[in-house]
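These protein sequences, in sequence, are chains A and B.
For the first sequence, numbering that gives the first Met the number 0 begins at 0 and goes up steadily by one.
For the second sequence, numbering that gives the first Met the number 0 begins at 0 and goes up steadily by one.
Honestly, the hints are just simulated from the structure, not real lab data.
Certain hints may be false.
[Said to hold, decoys possible] Label-pair ranges, simulated between beta-carbon atoms:
(1) B:M22 / A:S7: 54 to 64 Å
(2) B:E115 / A:K133: 11 to 21 Å
(3) B:K9 / A:T11: 23 to 33 Å
(4) A:R9 / B:K9: 22 to 32 Å
(5) B:Q7 / A:A36: 46 to 56 Å
[Unchecked claim] Coverage of chain A stretches by chain B, computed from C-beta distances (three or more under 8 Å per stretch; other residues unrestricted):
(6) 24–32
(7) 53–63
(8) 133–140
Beta carbons are placed, not taken as given, at the ideal position from N, Cα and C, and that holds for glycine.
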Amino acid sequence: MESFDLFSLRHTFESQGIMISFNGLFSHSVIEQLGEAVKKHLQSDDAPKDRIKEVFSVFVEQAQNLKNYTTRDDTELPEDKSSHSGTLIIARNNDNYIVSSGNVVRNEDEQLLRERLDPLITADKDALKKMYKKRLREPINENEGAGLGFISMARKATKPLHYSIRRYDDTNSFFTIEVII
Amino acid sequence: MERLEIEQSKSTPFVRFDPGSGMLEIGGESYPENSHEFFSPVIEWIEQYLSEEEKSLSFIVTLTYMNTSSTKYMIDILDRLEQAHDKGREISIEWYCDGDNEREMDTVEELREDFEMPFEVKTREVE
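If we strip away everything but chain A, and leave its shape as in the complex, we get (with noise of 0.2 Å):
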C-alpha cells in the first residue's frame, strides 16, 4: 500500500488557511466535539467574541444540514460511506473566517437547493430579515430541511452566499456551500 501524502495534504491545509477540517459521517457527538474545537481554536486564533459566536453558529447550521441530509431515512443516496459522509472545513482568509461544507446530494433536490439559495444571494439585508421572520412564523416542520438554516448563515454573512452543485451521474451530485463571515 502506498503511504499516505500527509505533506501535501498539510500544504493543501496551510496554503488554504484550512485551520479545521472533518471528512467522514457527521453524528451528533462529532458535531459537539468540533463545535467545542472550533471555538477554543478562534478564541486561541484571538477572534473577537462576536465574531466566534457568528462562526460558531455558522458551523452548527452546516454541519446539523449535513448531518441531517446524509442520514436521512428516505434518503436514496447510493449505498457506498462517502455518499452518507460531509466535509467541512473552517478556514482563516486575512481578515475573514470562511465557513464551507459540502455533501453528496440527489440530483432531484438540486432544483430546490437552487430556489433556496439564488435568492438569498441577491437579497439586501432588510429583505433577509423579512425572509428571516416570515420562515421562523411558518409552523414547525420536523423535516422542513435547510430553510432558515441557510437564511441565518447568509445574515451573518459578510459576503453573498456562494454555493456549487457538481454533478457526478445521472442521480447523483456533489453540492457546496461557502459562508465568508
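The hints should help you fit chain B onto chain A, whose structure is shown.
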C-alpha cells in the same frame, strides 16, 4: 404540579420550572440533535401549568446560543405565553444577553418586536 428540571448538556440547555413561584428558566447552549424531542416536554409542561394553575408565569432566558431550529421552538413558547397574556394572564419575559455582543442584543430585540407582553432584554454578567 411537580417541578420540571432538565440538566444542561453540551448541546441542550438547562430548563427549570418551579410551579410554586411560576418561574421558568432556560439557559446554556441550544442546538439539540432533535429540537422537537427536546422542546416538546417543555411545551407540554407550560401548557399544563397555564391550564391547571392561575398564577403568573415569568420566563427567564439566559441562553448563550440557540440554533435556528431551537429559535423556532422558542418562538412557539413565546407565542403560547403571548396568547395567555392576551387572555389576561400575568406573564413576563426577561431575556439576558451578553452586553458586549451587539449582534446578540439585536437578535433578541428582533424577536421582541413581535410581542405585546412585558418583554425585557437585559444584560447578563459575562465571566
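Status of each hint after checking the structure:
Under the hint 54 to 64 Å, the C-beta atoms of B:M22 and A:S7, about 58 Å apart, fit the expected range. Here the CB-CB span from B:E115 to A:K133 is close to 20 Å, well matched to the stated 11 to 21 Å. Separated by about 30 Å at the C-beta atoms, B:K9 and A:T11 satisfy the suggested range of 23 to 33 Å. For the pair A:R9 and B:K9, the supplied restraint of 22 to 32 Å holds, since their beta-carbon distance comes to about 29 Å.
Judged by the Cβ atoms, the range 46 to 56 Å given for B:Q7 and A:A36 is violated: they are separated by roughly 20 Å. Given as covered by chain B, the segment 24–32 of chain A passes the check, having 3 residues with a CB less than 8 Å from a CB of that chain where 3 are the minimum. By the rule of at least three residues with a Cβ nearer than 8 Å to a Cβ of chain B, the coverage given for the segment 53–63 of chain A holds, with 6 such residues. For a cut-off of 8 Å, the count of residues in the segment 133–140 of chain A with a CB near a CB of chain B stands at 3, and the three-residue condition holds.
Of the hints listed earlier, the one the structure fails to meet is number 5.
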